[in-house]
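*Asks:* Could you build all of it, start to finish, from the sequences and the hints given here?
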Amino acid sequence: MRAPWLSIGLAAGCIASVVISPVGAFFIYDRGAVVSGELWRILTAHFVHYTDSHLFNNLIFLLPAMVLAEMHSRKELVRVLLVSAAAIGLAIFALEPGLARYAGASGVSLALVTRVALRGMEGSVRWRAVCGTVLVIVGLKLIVENWFGWRWMNWGHESGIVTVALAHSVGVASGLVVWLVQTGRSRCGSLVARKRAQMAQASQVS
Amino acid sequence: MKSQSKRFPLFGALVVAVLVSGCAGMQSRHTTTSVVDYLYPNQNEPVAQTGTPVLSLPMTVGIAFVPDKFGQPPAGALTESKKTELLNRVAEHFRKLDYVKAIEIIPSAYLTPKGGFANLDQIRTMYGIETIALVSYDQVQFTDEGMASVLYWTIVGAYVVPAEKNSTSTMVDAVVMHIPSRKMLFRAPGVSQIKGLSTPVNLSEELRVDSEKGFNESVDKMIANLDTQLVAFEERVKSSPEEYKVVHSGGGGSGAGALGLPTGLLISLLFCAGAWWARRAS
Chain Z
1 MRAPWLSIGL AAGCIASVVI SPVGAFFIYD RGAVVSGELW RILTAHFVHY TDSHLFNNLI
61 FLLPAMVLAE MHSRKELVRV LLVSAAAIGL AIFALEPGLA RYAGASGVSL ALVTRVALRG
121 MEGSVRWRAV CGTVLVIVGL KLIVENWFGW RWMNWGHESG IVTVALAHSV GVASGLVVWL
181 VQTGRSRCGS LVARKRAQMA QASQVS
Chain Y
1 MKSQSKRFPL FGALVVAVLV SGCAGMQSRH TTTSVVDYLY PNQNEPVAQT GTPVLSLPMT
61 VGIAFVPDKF GQPPAGALTE SKKTELLNRV AEHFRKLDYV KAIEIIPSAY LTPKGGFANL
121 DQIRTMYGIE TIALVSYDQV QFTDEGMASV LYWTIVGAYV VPAEKNSTST MVDAVVMHIP
181 SRKMLFRAPG VSQIKGLSTP VNLSEELRVD SEKGFNESVD KMIANLDTQL VAFEERVKSS
241 PEEYKVVHSG GGGSGAGALG LPTGLLISLL FCAGAWWARR AS
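Residue numbers (the working numbering), protein chains in the order written: chain Z, 1 to 206; chain Y, 1 to 282.
Keep in mind the hints are simulated off the structure, nothing from the lab.
Hints are not guaranteed to be accurate.
[Stated by the list, open to error] Computed Cβ-Cβ distance ranges for the label pairs, DEER-style: (1) Z:I20 <-> Y:T79: 42 to 50 angstroms; (2) Z:E38 <-> Y:D227: 21 to 29 angstroms; (3) Y:T112 <-> Z:I20: 45 to 53 angstroms; (4) Z:I20 <-> Y:K96: 16 to 24 angstroms; (5) Z:M71 <-> Y:L265: 19 to 27 angstroms; (6) Z:S21 <-> Y:I105: 27 to 35 angstroms; (7) Z:A193 <-> Y:A281: 26 to 34 angstroms; (8) Y:K245 <-> Z:G32: 24 to 32 angstroms; (9) Z:E38 <-> Y:T79: 36 to 44 angstroms; (10) Z:I20 <-> Y:H93: 22 to 30 angstroms; (11) Z:V162 <-> Y:A281: 37 to 45 angstroms; (12) Y:E205 <-> Z:A25: 41 to 49 angstroms; (13) Y:Y40 <-> Z:G13: 51 to 59 angstroms.
[Stated by the list, open to error] Among the chain Z residues that face chain Y by a calculated CB cut under 8 angstroms, a handful are: (14) Y50; (15) H54; (16) N57; (17) P64; (18) L68; (19) V113; (20) G123; (21) R126; (22) W127; (23) V130; (24) V134; (25) K141; (26) T163.
[As the list claims (entries may be wrong)] Here are some chain Z residues the structure puts well away from chain Y; computed CB gaps all over 10 angstroms: (27) W5; (28) I8; (29) G24; (30) L90; (31) L176; (32) V181; (33) R185; (34) C188; (35) G189; (36) A193; (37) R194; (38) Q198.
In this text, a Cβ means the ideal position worked out from N, Cα and C, and glycines have one as well.
*Replies:* Listed below in structure tokens is the structure:
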């Protein structure tokens, strides 16, 4: 079993963004700075947190999700993180013009959880049951957030900071898209391999 | 009789020396403005009840010098251009804050002496501000004469000997008020002490230079203190949400990707326990 160094490194980065405030300020999503060319903030904002409690709330969820994904494939972890971070960042930029700042890992965490749970649906019966339950919980969360406007705000009374439900929806959608693309690719791959094998068999017979 | 007439020139010279050297004497000049005089001019009126300040972020903040008590600035008071210059320095420092949309410098002419909150309400409507930093000042200048002032007796000495000892004490104080709730959010002072020497001839010029220097130094110290007070105020807003309400208006809110602790814990536990359960079966 490989050690999940990337997950540990990213978690350490998240902690650094809270402990060393200039680090957080350099990586946070700041609309004005993004417009003036600091494009990295679209990707890095997801690993920056406002406060200790904000970090704790997300890290308790992000770390196990990253470890589970990395233990299966480090490439998969990187792919999901990159796709979801870019998708969420761009969605916030395009659809939330009133948002001057954004930080937090919940969106990418949900993308990872969705991806891990969807892959888990191809596993053993017990693991399928677990992953199915996780997907139901994630789905319910999106419904109550988007339809009923419910937000969980237990990470402190920050000055006017609001939870962005859009990040959660786009995160889940990114996890789903990555899974669909990978599944589609592997199915296409196996289909092509089967066709090739059939053609090879046919040529041998002839 | 002869001896008396001999003594007379000596006595006369002494009197002249005392008069010449003491003609300046000990002088002092005091200029002051007061936020309390401006906001609460009528002591018989009860102080308005304060509500909970609702801070709408990002905010437009006004900044102004409170007017002189009687409307007529005394000699040595700050000129309007100097006031604008000092306020510009303060505004420049705080314009970069995330939650400050704009800082409006309000000319003294817009603030009426003893105007109180009624005047602030007018300014609030005029400039569209809810928070204002009211700057007041107190400056005292003393001039004493040193031992060398005896040389003024030579007339030339009055032009070349800097025996006038000037001392300028300045305090500038900024009070940040939330106008709708009539509540003071925080305050920050800045003090300075300038000492200098001058000849009697250029005394008034030197006092004016010291006065400006005193205001500049005090404002610099006030800016540093405002920084400290602002950090303390941010902490207070976070720790006492019942005392200060913060509302984000459209223009530049802060958003967070935050998953609820119960959801996060539930999914994490499910994954961990599920992984162990599935592995046990295999």
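*Asks:* Is 16 to 24 angstroms right for how far apart the beta carbons of Z:I20 and Y:K96 are?
*Replies:* holds (20 angstroms)
*Asks:* Verify the CB-CB distance for Z:A193 and Y:A281 against the hinted window 26 to 34 angstroms.
*Replies:* Taking Cβ atoms as reference, Z:A193 and Y:A281 lie about 31 angstroms apart, which means the hint holds.
*Asks:* Far enough from chain Y: is every CB of that chain over 10 angstroms from the CB of Z:C188?
*Replies:* Z:C188 clear of chain Y: closest Cβ-Cβ about 29 angstroms, beyond 10 angstroms.
*Asks:* The hint says 41 to 49 angstroms between Y:E205 and Z:A25; measuring C-beta to C-beta, is that right?
*Replies:* Holds, at about 47 angstroms.
*Asks:* Holds or violated: 27 to 35 angstroms for the Cβ distance of Z:S21 and Y:I105?
*Replies:* holds (30 angstroms)
*Asks:* Can we trust that Z:L90 is non-interface, i.e. its beta-carbon lies farther than 10 angstroms from all of chain Y?
*Replies:* holds (14 angstroms)
*Asks:* Is the Cβ of Z:I8 farther than 10 angstroms from every Cβ of chain Y?
*Replies:* holds (16 angstroms)
*Asks:* Is it the case that Z:Q198 keeps its Cβ farther than 10 angstroms from each residue Cβ in chain Y?
*Replies:* The assertion about Z:Q198 holds, with a minimum of 33 angstroms to chain Y.
*Asks:* Would the stated hint for Z:L68 survive a check requiring a Cβ distance to chain Y of less than 8 angstroms?
*Replies:* holds (6 angstroms)
*Asks:* Quick check on Z:Y50 please, does its C-beta sit within 8 angstroms of some C-beta on chain Y?
*Replies:* For Z:Y50, the interface hint holds, since the closest Cβ of chain Y sits about 6 angstroms away, which is under 8 angstroms.
*Asks:* Please check whether the beta-carbon of Z:G24 is more than 10 angstroms away from every beta-carbon in chain Y.
*Replies:* holds (12 angstroms)
*Asks:* Just double-check Z:W5 for me: nearest Cβ-Cβ distance to chain Y has to come out over 10 angstroms.
*Replies:* holds (20 angstroms)
Of the numbered hints given earlier, the model fails none.
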